[in-house]
Amino acid sequence: MKYRIAMAAILALTMQAASAQDKPAAAVPAGQKDATTLEFEKFRTQMEQEGNPAELFELQGEEFWKAKRGPKNVALTASCDLGLGVGVVKGAYVQMPRYFADAGKVMDAERRIVWCMVEKQGYKFDDLARRPFAGDNYTPEQTSLVTYVAAQSANMKFAVPLKDPHVREVYEIGKEVVAYRAGPYDFSCNTCHGADGKRIRMQNLPNLGTPQGALSAVLGWPGYRMTGSVMLTHQWRMSDCFRQQRFPQPKYASDTITALLTYMTANANGHMYKGLGIKR
Amino acid sequence: MNNISRISLLAAALLTLVAAAHADGDYRAQALSMMKQDFVTKGQASADRISEDGLQAICNRTGNKPPPEIAHRLEADQLAGVKLPADGKLLGDWKSGEQIAQSGRGFTWTDAPGLPVGGNCYNCHQIAPKETSFGTVGPSLFQFGKLRGNTAEMQKYVYSKIYNAKSFNLCSAMPRFGHIGALTEKQIKDLVGLLMDPESPVNK
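If you read the sequences in order, they're chains A and B.
Position one of the first sequence corresponds to residue 1 (this note's numbering), numbered consecutively onward.
Position one of the second sequence corresponds to residue 281 (this note's numbering), numbered consecutively onward.
Everything labelled a hint here was simulated from the structure, so no lab data went into it.
Heads up, a few of these hints could be off.
Claimed, not checked - Only pairs whose alpha carbons sit at most 30 Å apart, straight line, appear in this in silico BS3-like list of lysine-lysine:
id, chain 1, residue 1, chain 2, residue 2
1, A, K279, A, K42
2, A, K274, A, K90
3, B, K466, B, K369
4, A, K198, B, K484
5, A, K42, A, K72
6, A, K198, B, K410
7, B, K426, B, K484
8, A, K279, B, K410
9, A, K105, B, K322
10, B, K436, B, K363
11, B, K410, A, K42
12, A, K198, B, K345
13, A, K279, B, K322
14, A, K198, B, K369
15, A, K157, A, K90
16, B, K316, B, K345
17, B, K316, A, K163
18, A, K124, B, K410
19, A, K251, B, K436
20, B, K369, B, K436
21, A, K120, A, K90
22, A, K274, A, K66
23, A, K251, A, K124
24, A, K105, B, K436
25, B, K436, A, K198
26, B, K436, B, K426
27, A, K198, B, K426
28, A, K105, A, K124
29, A, K251, B, K322
30, B, K410, B, K426
31, A, K68, A, K124
32, B, K322, A, K124
All chains should be modelled from the sequences, with the hints used to inform the complete structure.
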């Protein structure tokens, strides 16, 4: 039922955004999960051709990027360096996480954008971190910004600068985070994501230690999620993994999340980023 | 085994491992102190969950492959902590067991705190043939009782395995459902029923 509602919601969105001509694939009977997966894949392909709802957030993010905003009334395009020079967005997403000397930290895209919003525009970090991910009828501004920046790296190859010793160190730490077992169920990331060909229920589990596995884990983020009709970032995905791992909650834009994203993204180095995703 | 000898055993095991520590240890130490900074309590998922217990520490430091001698001694230690039902009856209601096996609820920061929680079984195992949405992190349990025999000894093994999977494989991926107080005695019995009862669809 939820699936049908989400499909209807997306259809409505798409008609507005891209005047879709064809109806989406008919909803499948409950219980046939393989069939549902197939239907979803078909639907996703169709959405990608006709206009991913994520593009609406990309447009919003572009406005936020270019407008003078925040207590300091400064535009990010005139102040924020994502690693390739102030205001340069093309190719920036696939070359993060990277080391930023001005912050003295390795940062992933979302963390860097938040850093710029705080340092350049004068926003308060605590305000940005209070509700950092999308929920009912709410999308944080930084989510739209990440969506815009990520879209400008579509069809470019991941190239996390692992030769930088700062980045290499964080990569190695990320590798340890992925292997770390704790909590009531003794789970690490690797309990589910450390071997090839595993599933939870019908969900395939990418092996983060392999290039192909890491690639399938980083592709599709940021993505528009049909369940709940929300735009979500890779930071969100990491947080929700820890929830399912029965861990406590990672702080927003923390070193641990950057370390994980460094490990995963660098393992996908050399492979193509396909752009904004659509998730179930 | 009493507490003191358990602790000394653990200490001996840790010391052995420290001697074998290598360069990874620096990154691991950094990862650990970083994670202690970076996690906060949310709902029932308290921040102290980020600390490893003794068994987790050994598995973390050996890439889940502790030296066999240490593993066997610590497995025996885990097994010694398994509390078997006082009434000696291990074969519960397989229908109830099926429901427990289906549920993945419990212990996340969005779950209501407290018991009962689900067994998460289908997340990782094939069990009854009717459920086609099953995971493959663990082995298939289809026809478990039929293949192994519904003996008292096998029932005891299944009960103990669910109670504390680490009793038989120190760094098993499977949680210690009884040891941590997640599944109750009745729930574990019902799961034994699901796997062992000749009437259970698992064994048809």
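How the hints compare with the structure:
no.	hint	verdict
1	A:K279 / A:K42	holds (12 Å)
2	A:K274 / A:K90	holds (14 Å)
3	B:K466 / B:K369	holds (10 Å)
4	A:K198 / B:K484	holds (26 Å)
5	A:K42 / A:K72	violated (46 Å)
6	A:K198 / B:K410	holds (20 Å)
7	B:K426 / B:K484	holds (8 Å)
8	A:K279 / B:K410	holds (28 Å)
9	A:K105 / B:K322	holds (26 Å)
10	B:K436 / B:K363	holds (11 Å)
11	B:K410 / A:K42	holds (27 Å)
12	A:K198 / B:K345	holds (20 Å)
13	A:K279 / B:K322	holds (26 Å)
14	A:K198 / B:K369	violated (35 Å)
15	A:K157 / A:K90	holds (12 Å)
16	B:K316 / B:K345	holds (25 Å)
17	B:K316 / A:K163	holds (28 Å)
18	A:K124 / B:K410	violated (53 Å)
19	A:K251 / B:K436	violated (43 Å)
20	B:K369 / B:K436	holds (10 Å)
21	A:K120 / A:K90	holds (20 Å)
22	A:K274 / A:K66	holds (24 Å)
23	A:K251 / A:K124	holds (16 Å)
24	A:K105 / B:K436	violated (53 Å)
25	B:K436 / A:K198	holds (29 Å)
26	B:K436 / B:K426	holds (16 Å)
27	A:K198 / B:K426	holds (26 Å)
28	A:K105 / A:K124	holds (19 Å)
29	A:K251 / B:K322	holds (10 Å)
30	B:K410 / B:K426	holds (17 Å)
31	A:K68 / A:K124	holds (16 Å)
32	B:K322 / A:K124	holds (22 Å)
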